[in-house]
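**Student:** Sequence:
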Amino acid sequence: ATEVQGDFVSCCSMAPSWEEAVEEVAQEVGPGFEAALVFFSELYVDQAQGIAPMMEKLRERLDVEHLVGGAAGGSIGQTVGKMAVDYGAGDRVPIEVERGFVLSVAAIRSAGAVPFFL
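Residue numbers for the sequence shown follow the working numbering, beginning at 260 and rising by one.
Among the hints, erroneous ones may be present.
[As the list claims (entries may be wrong)] If you anchor each label on the Cβ, the simulated ranges turn out as follows:
hint: 1; residue 1: G291; residue 2: V327; range: 29 to 37 Å
hint: 2; residue 1: G349; residue 2: G309; range: 31 to 39 Å
hint: 3; residue 1: D345; residue 2: E293; range: 17 to 25 Å
hint: 4; residue 1: E319; residue 2: R368; range: 12 to 20 Å
hint: 5; residue 1: A348; residue 2: E315; range: 16 to 24 Å
hint: 6; residue 1: D266; residue 2: G309; range: 30 to 38 Å
hint: 7; residue 1: E319; residue 2: A348; range: 14 to 22 Å
hint: 8; residue 1: E357; residue 2: G291; range: 27 to 35 Å
Calculated from the structure, these hints are not laboratory results. Idealized CB from N, CA, C, for every residue including glycine.
Could you put together the complete structure from these sequences and hints?
**Tutor:** Shown next, in the form of structure tokens:
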């Protein structure tokens with residue numbers, strides 16, 4: 260898995276199916292994170308026939324307490340999986356994908372958020 264710096268990890272998959280993309284990012288992220296932000300291309304939304312199946316699978320595979328995400332026109336993250344590594348010309352290098360299949364995950368080990376009211 261990616262070395263965690265500051266209790267944070269980012270990864271980006273460009274696998275041809277949403278299920279494969281979820282597996283690639285889940286393997287890269289690993290266990291022990293509290294929260295995750297996820298962004299996926301509309302192509303994956305179409306494949307999965309909605310956002311719910313992807314969010315459910317991501318919550319299960321990432322095993323995080325808090326999961327927030329949605330569809331995006333593009334995403335950024337560090338490359339994982341063959342398609343992203345080929346696109347970024349290297350493993351775990353930062354990329355920005357503006358079209359095509361993409362799933363980006365940013366996971367936080369200890370968010371430490373304290374609720375407050377104004």
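**Student:** If a hint holds in the structure, say so; if it does not, say that too.
**Tutor:** Status of the hints after comparison with the structure:
{"no.": "1", "hint": "G291 to V327: 29 to 37 Å", "verdict": "18 Å, violated"}
{"no.": "2", "hint": "G349 to G309: 31 to 39 Å", "verdict": "33 Å, holds"}
{"no.": "3", "hint": "D345 to E293: 17 to 25 Å", "verdict": "32 Å, violated"}
{"no.": "4", "hint": "E319 to R368: 12 to 20 Å", "verdict": "19 Å, holds"}
{"no.": "5", "hint": "A348 to E315: 16 to 24 Å", "verdict": "33 Å, violated"}
{"no.": "6", "hint": "D266 to G309: 30 to 38 Å", "verdict": "32 Å, holds"}
{"no.": "7", "hint": "E319 to A348: 14 to 22 Å", "verdict": "32 Å, violated"}
{"no.": "8", "hint": "E357 to G291: 27 to 35 Å", "verdict": "31 Å, holds"}
In this structure, the earlier hints numbered 1, 3, 5, 7 are contradicted, and the remaining ones agree with it.
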